Every structure is written in C-alpha cells, then in structure tokens.
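K.L.:
Residue strings, one per chain:
There are 2 protein chains.
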Amino acid sequence: MINRQWTVAEHPENELHASHFGYKEIELDSPKDGEVLLKTHYLNLAPVMRMYMMKDGGGRSPEQPLNIGDVIHGRGVAEIIESRHPDYQTGDFVHGQIGWQTHKVSTLNSAEKFVKMAPRGVPAYYGLSALGMTGYSAYCGFISRGEPKAGEAVLVSGAAGGVGSLVVQMAKALGCSPVIGIAGGPEKCALVTSLGADDVIDYKSEDVASRLSGLFPNGLDIYFDNVGGEILDASLTNLAKGARVVMCGAISEYTRKTPFALKNHGLLRRENADMRGFFVYNHAHEFDQAEEAIADWIKSGQLRALVDIEDGFEHMPAALMGLYSGKNKGKRLVRVTPGEDLIY
Amino acid sequence: MINRQWTVAEHPENELHASHFGYKEIELDSPKDGEVLLKTHYLNLAPVMRMYMMKDGGGRSPEQPLNIGDVIHGRGVAEIIESRHPDYQTGDFVHGQIGWQTHKVSTLNSAEKFVKMAPRGVPAYYGLSALGMTGYSAYCGFISRGEPKAGEAVLVSGAAGGVGSLVVQMAKALGCSPVIGIAGGPEKCALVTSLGADDVIDYKSEDVASRLSGLFPNGLDIYFDNVGGEILDASLTNLAKGARVVMCGAISEYTRKTPFALKNHGLLRRENADMRGFFVYNHAHEFDQAEEAIADWIKSGQLRALVDIEDGFEHMPAALMGLYSGKNKGKRLVRVTPGEDLIY
Chain A
0 MINRQWTVAE HPENELHASH FGYKEIELDS PKDGEVLLKT HYLNLAPVMR
50 MYMMKDGGGR SPEQPLNIGD VIHGRGVAEI IESRHPDYQT GDFVHGQIGW
100 QTHKVSTLNS AEKFVKMAPR GVPAYYGLSA LGMTGYSAYC GFISRGEPKA
150 GEAVLVSGAA GGVGSLVVQM AKALGCSPVI GIAGGPEKCA LVTSLGADDV
200 IDYKSEDVAS RLSGLFPNGL DIYFDNVGGE ILDASLTNLA KGARVVMCGA
250 ISEYTRKTPF ALKNHGLLRR ENADMRGFFV YNHAHEFDQA EEAIADWIKS
300 GQLRALVDIE DGFEHMPAAL MGLYSGKNKG KRLVRVTPGE DLIY
Chain B
0 MINRQWTVAE HPENELHASH FGYKEIELDS PKDGEVLLKT HYLNLAPVMR
50 MYMMKDGGGR SPEQPLNIGD VIHGRGVAEI IESRHPDYQT GDFVHGQIGW
100 QTHKVSTLNS AEKFVKMAPR GVPAYYGLSA LGMTGYSAYC GFISRGEPKA
150 GEAVLVSGAA GGVGSLVVQM AKALGCSPVI GIAGGPEKCA LVTSLGADDV
200 IDYKSEDVAS RLSGLFPNGL DIYFDNVGGE ILDASLTNLA KGARVVMCGA
250 ISEYTRKTPF ALKNHGLLRR ENADMRGFFV YNHAHEFDQA EEAIADWIKS
300 GQLRALVDIE DGFEHMPAAL MGLYSGKNKG KRLVRVTPGE DLIY
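As given, the protein sequences belong to chains A and B, one line each in that order.
Quick note, the first sequence lines up with residues 0 to 343 if you use numbering that gives the first Met the number 0.
Quick note, the second sequence lines up with residues 0 to 343 if you use numbering that gives the first Met the number 0.
Only chain A is shown next, with the shape it has when bound in the complex:
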C-alpha cells in the first residue's frame, strides 16, 4: 500500500511558495491490533496551515510545530478500509487529524481528534464543512462565545468563507437583525446576499469604517471576526453597549511577520464590551450539541454548506496558496480522488 504525502520542505517566513512543500510516497504497514487503516477522501484547507508550517509554528500555532520533512497538519474525511479496532468497522467514516496524506494507520485516539461520523445521507464532505470543525467553529464561536439574542445587530467578516457563511445563516435563523457580511469582490458579496445577509460590505472597494457607521447607527452587538487586522480595529469604533467581538480567525494577519498593532481596544471600556478569544478545540464538550443543532438546520433548509472543491491530491499546495489571495467561496476542500461525491 503506497501512501502519498505532502511535507514541509522549507519553513515559510511570510508568503507561501511551491518550494515550501515537499512530496513523497512511502510504503504503509498494515494495521495492528487496535488500529485502523484510513483512506482519505477529502482534505481541509485553512489559513492557519501556513502558521503550522512556519519555524516553531510561528510561535503562535495551536498545533505541534512541524519540522522539515514532517507531514503537514490537516483534517480530513476518511473511510475505514481495514479495521482491527473494536469500535470501528470497515465502511465507517471519520473526520479528524489525518494530515496531508492519502492514507493513515491510526488508533483513532483523542490526540488526533477523530470524530466518528453519523450517516445522514448527505455528501461525505460535510464532515469537513457544516458537520465538522467548520460547523462546530461557527456554532460554538457564535452561540457560546457570541451569545446572540434575537434582534441583535451582527457583523460577520469572511462571510463568504467556510465558517463565516455558516455564521451568517445561523444569525438569520436565530432572528438577529440586521445581519451584515463583509467579503471581497462582487461575486462573493452576491453569494453572501444569497445566504440571507441583509447587506454586504465589499472590503475591496468600500471604506469599511464608514459603511459600518451607516449600517449600525446604534452600534454592533456582535462582531464575528474571521480576518483580524484593520477590520477588527474598525469594528471597535462602532460597538453597542455590552458588545461581543468573537475572535475566531485572523486571515489578514497570518502572513505578517509581526503581529498587527491594535489601536482601538481602549474603546471596549466605555461600552463594557468584550473581545473574546475563540479556538474550537476548547469547546470539544459542545461538539455533539453543535452537530445536532446544525443537522436540524440543514434538514429544515435553514442552513447549507458552501464548499469550494478542488480535485486531486496533487493540487493541495496550490489550493492552500489560493486561500490567502481570497479566491475561495465557502469552505475550500480538496477531493483526493477526482470523481463523484460520496454520500454518507
């Protein structure tokens, strides 16, 4: 059994280049007692992966820093094609920390954060979008950290992205008003409107700060932040009393050598407002609840997963690099073997 892998060939310093990625093929052993053999069907792409690849994880990586030659971290949806594990059978699907490789032998222990997927008759890639960490990030970040109430004014950046597109739909489903997205370019903005957002700010052609004061005359109650940087800073000038800024991601900052210098945090005081850090794995105890709530919204037609699927394991590096130039609409995934989408 040949396992194909993408590894760290060089540590990136700022922008990613093809030379940072190494490709190799290795012979895989058969699973031993307590192990399963996984075949990867879909692999996730996320802005934080560049940080994983930096020397010492850029000093801020939430995952174990990678050395030269290590397989790049990444979650995938995989099928168990051979099982010597009592809790799993051939044909079961899981999502978890597979890494950038086509196969893996694993004990499926908790360190690799594997979750057994419930068969729901939906595309299997949902395990990487609405019914996986992307969905859990949107749900736990928005619900547990944002604490939304009906009628509250909500802003979501990265609103055409994997997490952001789900948060926009959740905010609408919960009766928040208005729900405003931020995205880049007319095509993405149209997509955000199609998800039900009341209005969209195009950060590439509009002045975000002045649009915000027009759209939120009474201030923001929740800002769900996927981008960090200038847009985070601008949001702080426009907060309602008791506002919550959920710091989920910071794609605009991941390619900086030095952290973005925030200037408006002092405005939190006057409004008794919060900046609330969020990292999805701190909410593992809420994943079951998130999964059920999201599955219900999918069933009732209130929520759909936006995915942007690239075909072919060989395109992993290019697919990741495209993420930083803002090309993707919805959650960007790679389908390892081109073909039809599996239903599970």
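These are calculated hints, taken from the structure and not from any lab test.
As the structure is a computational prediction, the values presented were derived from the model and not from experiment.
We put the beta carbon where it would ideally sit given N, CA and C, even for glycine.
Each hint should be verified, as a subset may be incorrect.
[Claimed, not checked] Under the rule of at most 27 Å between Cα atoms (straight-line distance), these lysine-lysine pairs were calculated in the DSSO-like manner: (1) Lys148/B / Lys262/A; (2) Lys54/B / Lys262/A; (3) Lys256/A / Lys262/B; (4) Lys240/B / Lys256/A; (5) Lys115/A / Lys38/A.
[Stated by the list, open to error] Computed list of chain B residues with no C-beta within reach of chain A, every gap over 12 Å: (6) Thr6; (7) Val207; (8) Lys262.
Take the given structure of chain A and dock chain B to it, following the hints.
P.N.:
Chain B only, in chain A's frame:
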C-alpha cells in the same frame, strides 16, 4: 456666598501644567424650590481628569467635553447646608458630580450621578473611596466583569492605587490564590503586601513579563488592569484557559497622543480568553449591592480604604498632576478645608 472654582484655562495636549488650570471666585445664588446648596468637603482626583480637560475630551472622554472656562469635572463628598428639596435635609451627605468647586446649587438629578450616603460612622471621605465610585469600580469591575472564583490566580496592576488596593483585598477575601499586585517602588510594594497580596511586582525595577511567568506557572485567571499599555500587553502572553482581563483603567496611556498599539491580543484565541471593557457607570444597577457588600467587608475587618489626602482646595491642580507621576498611595483626595476628618 462665594464659590471658588477651578476651570479649564487651556486644553492640555499631553502632560498637564499649571497653565492649563484657571481659578475664579463667583457669587452663588440661593437654592430655589427643588434645589439644595452643597458644601464640598472632599474632592476626588482621577487619571481620567486629564482626558476631561483635553480638547473634545480627547475624543474618548466618558464625560461631556469641557470648553475653556468650564469647571473641571470631578466627584466630591458634600454636605447639604440648605435644602429646598423634599428628599434631602440639612446635614445629609451625598457624593456625586460636584466639579472642582467649593459649593454647588443642585437639583441632585440623576445626570449628576448623586448618591445619598448612608450614615455608617466612618470617615465621610469613604464616599469617595471604598463606599463610593472607587469601591463600586473595584466591586463591579472585579465581581461582575472578572467573575472570580476561589482558588483562581489574580493579578492587579495599580495595586497601591484607589481601585487596585480594594481589588487586592476583595480577591483575598474571596479566596483567590495567588493574588499578585503590581506597583512602582519599594514603598508602594510594601503597602500592597500589607493589604494581603501574596507577592508584588515592582514595575519600576523588575521585568514584568519574566516575573509573570515565574509567579503564574499555570497562567493568569484574572488580570485586573488599571494601567493599560505595556503591562496589559505583557499580561496577554501569560493567560490561563478562559482568562478574563478586566480593562478598568489605562493610566499609562492617558498622557499619550496616540493610542497604545497592542500586539498580543491574538493570544486570546488559543486560550478562549476575554478582554472585557469596564466603565463603572454602566453598572449603576449594581451600586446598592456593591455598597452593602463593601460595608460588610469593612465591618468584618477584611477591607480598608487606602487614601492619600492632600489639604486645601488651592492644591487641586498640583494634586492631580502628582497622580501621573505615580506619587499617590491609595485613592488621592483633596480635603477642601484643612482640619479634622468628618465622621458620617
């Protein structure tokens, strides 16, 4: 009746100078129906007052910006020496927005945030320290925004100041551990230790960041921030999961022309930690509860008010300027008429 006043003579840009203050004496009318005549006994001094005096309130003032010639904002403890108000009698004491003046005719309406003091047999200046906004700031900031639990690790900056010295004692009374203060110079550090702090960092002679990692091997649960700037930024590198940074004050930033640029806010994400803005007047609904809790702690000997009293209304400008150079120990007040302390 002659009323003595300190006014804004020039708007300060950064450091305060004597030339920014104007002095005048005016004839005061007698109170009309619904009004009282107040005689000021004690006046408060607070870092935020410089911001009040800046042009347009420095753009960030929580109180109405002051024009040239306006009486400077400030809270005081005053005695009602003549009443034509149905709810107040001669001899009652209040604390509230009197301004930098020796007398005031007032309707005691809510805009001036007057609070009628309960006679408790304590020095009347307690209405500006533990049993006034200083105490309410410590209580509402620490209890409502910090949400302390017994056993949690607490850091308090400005720990020899008015609010900070109370927070240190409240943290100890609630069983937090360790409770660490930050103050400047050996004299103030000794004072913080005398309040029960488990250890003190002298920011003038020690490296705060390296002391923090030694004192909080498992990270901070609560940082009660009175200073902002570099110390706030350093605290963010040392947070426990779910930590709360209560942003109460920012004395190190008030004399800056441009806001301090924060660099470590991104670390909130990994720890699911919060920066929580706090402004005491957003908690008016909790003042009664705060007053009762603080009075109980005073009675049981678990809490004492640190005050640093300067004698004489004529010294108001010098007393305020001294605050920024870190001279005060405890809450700095001016006793308008030198003499013995009134008990009320």
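K.L.:
If a hint holds in the structure, say so; if it does not, say that too.
P.N.:
Going through the hints against the structure:
A threshold of 27 Å between alpha carbons decides the hint, and for Lys148/B with Lys262/A the separation of about 31 Å lies outside it, so the pair is violated. With a CA separation close to 20 Å, the supplied pair Lys54/B and Lys262/A stays within the 27 Å bound. Using a Cα cut-off of 27 Å, the hinted pair Lys256/A and Lys262/B holds, with the two alpha carbons roughly 12 Å apart. Restraint check for Lys240/B and Lys256/A: satisfied, since their Cα atoms lie roughly 26 Å apart, inside the 27 Å limit.
Straight-line distance between C-alpha atoms of Lys115/A and Lys38/A comes to about 14 Å, which keeps the hinted pair within the 27 Å bound. The non-interface label for Thr6/B is consistent with chain A: the shortest C-beta to C-beta separation is roughly 25 Å, beyond 12 Å. Chain A leaves Val207/B outside its interface by the beta-carbon criterion, the shortest separation being 19 Å against a cut-off of 12 Å. Residue-level check failed: Lys262/B sits 5 Å from the nearest beta carbon of chain A, not beyond 12 Å.
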